Amino acid sequence: MLIELIKLTESDKRLIVALLLILILFFVIVGFIGYLIVRVMKWQGKRLDTGVSDVVYSRVITDKKTFSKYAHKKNWIIFYKAARIPVVIMLVSSLILLIRDIIYHDFTYNPFDTTEGFATILFCWDFSDVIQIKFITEFSFIIKAPILINEPHFVLEAWGGYLFVPGIIIGGLWYLWCVQSLISRTLRIKKLSESIFDKNLDNFNQNEQLMNSLNVGQKPITPDEKKVEEEQK
Amino acid sequence: MEGLFKSFGKGLLYIFVLPFFLLVMAGYALVGLIAFIFLFFKSIILFFCGRSLDIELPEDKKAKAIIQSAIPASSNPVFNQGNMQQSLPSNVPSEPTPTPVMPAPVNTNQHSVEEACFNQDKTTTFENDEETQAETNNHQVPLQKEAIPSIDEKENGSAIAESNDSNIQPNNISEKKYSPKKTSLIDEPIEEDDKKIDDSHNGIDIDFKDF
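Protein chains in written order, with this note's numbering: chain C, 634 to 866; chain Y, 59 to 269.
Warning: the hint list may mix true and false statements.
[As the list claims (entries may be wrong)] Below, computed lysine-lysine pairings styled on DSS-like, alpha-carbon distance capped at 27 Å: (1) Lys824/C with Lys64/Y; (2) Lys824/C with Lys119/Y; (3) Lys68/Y with Lys697/C; (4) Lys679/C with Lys68/Y; (5) Lys119/Y with Lys697/C; (6) Lys832/C with Lys64/Y; (7) Lys777/C with Lys68/Y; (8) Lys675/C with Lys640/C.
[To be verified] According to the in silico footprint, chain Y covers these stretches of chain C (three or more CB under 8 Å from chain Y): (9) 643-655; (10) 720-729; (11) 805-818.
Just so you know, these hints were derived from the structure itself, not from any lab. Remember, it's a predicted structure, so these values are computed and weren't measured experimentally. Idealized CB from N, CA, C, for every residue including glycine.
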């Protein structure tokens with residue numbers, strides 16, 4: 634009954650098809666990005682092997698628990714060594730912002746602001762009224778062009794923002810990369826600790842070995858035949 | 059088309075998994091920050107104690123010592139290239155052999171990296187005892203079995219460390235230092251002169267199948 638009430642025009646149908654296509658394309662792109670992330674994480678995890686292979690080859694570590702403990706310890710040290718630079722970048726950026734606030738006596742300063750922040754050197758649009766959808770009285774779908782509210786221009790007072798924002802973005806992304814490596818290595822440790830010391834009995838059959846040793850299906854050798862064989866030898 | 063549907067399904071799955079992944083990532087980032095601060099102060103304390111927060115743990119040092127002691131004892135020519143070069147006089151230019159070089163027979167006694175680090179399987183060692191003896195005489199490198207721990211010793215983790223540390227003598231350690239990151243001992247291309255030397259020894263076949 635509800636379906637009968639909905640009457641779609643030809644343009645509405647086209648719009649729905651277009652939206653569906655966009656949705657499918659979006660999921661495909663997300664799937665591709667996810668696949669790339671998985672590949673990158675596998676590559677990051679593989680780098681652990683360089684560090685832990687010697688102790689495994691030389692049998693210094695011979696059990697799962699010790700290996701896991703050793704590998705995790707090493708994992709954290711690798712993370713610490715890798716994360717030093719991004720953390721320093723972020724700290725320096727924060728220090729610059731603090732110095733700027735102290736100089737101007739303004740601790741309410743927003744470094745992302747469009748008047749005195751980093752956004753002064755960016756194009757900024759107002760997206761608040763771009764899409765208008767009405768369902769209750771009538772079905773309408775209106776798309777408006779966003780309004781440009783800021784054009785790139787240099788403001789001297791925004792130097793704190795100019796230094797802080799790129800630093801914090803670069804340092805943050807770099808730190809997240811290190812965290813992702815940490816997660817990848819942790820997963821790799823889990824996988825390796827299960828596989829290296831694995832005792833697999835999939836292709837082992839004790840009965841099969843026993844039956845092969847008994848010459849099953851062959852006629853038992855009589856003492857006379859045994860003598861003849863020995864004489865021939 | 060199948061790949062497209064697969065990507066679409068994966069995309070759908072990743073959209074559902076994304077919040078959990080971000081949650082795990084945020085958790086690890088927070089724990090990582092705490093661990094970073096802890097390790098930072100630890101490294102400062104270690105610095106004033108005259109040490110440093112090294113990536114090389116005691117287990118790595120033991121492994122390094124075992125591998126380094128196993129290199130001169132190994133009959134694998136890849137490991138003993140340095141020794142062979144030193145044994146030859148440097149001022150004598152190597153002349154090309156006039157006779158055509160016959161393909162060397164496949165040396166079944168070549169050892170893998172694991173075998174080089176440790177003894178061979180005991181059964182195979184007994185079978186090929188005479189051959190290995192002859193081979194060691196040819197190479198002028200005595201097998202130092204005392205330096206290499208047996209399998210029984212390996213099971214006892216603490217015992218192995220002590221035994222290895224005590225058994226490693228300066229003579230046993232090769233001049234080329236082993237580094238876990240540097241694989242120059244294996245990957246370095248053999249120079250033309252070395253190749254000729256190998257051919258003159260007749261029967262050294264470098265097989266990389268174990269790598």
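So which hints don't hold here, by number, going up?
-> Numbers 3, 6, 7, 8, 9 and 10 - these are the hints that the structure violates, sorted from lowest upward.
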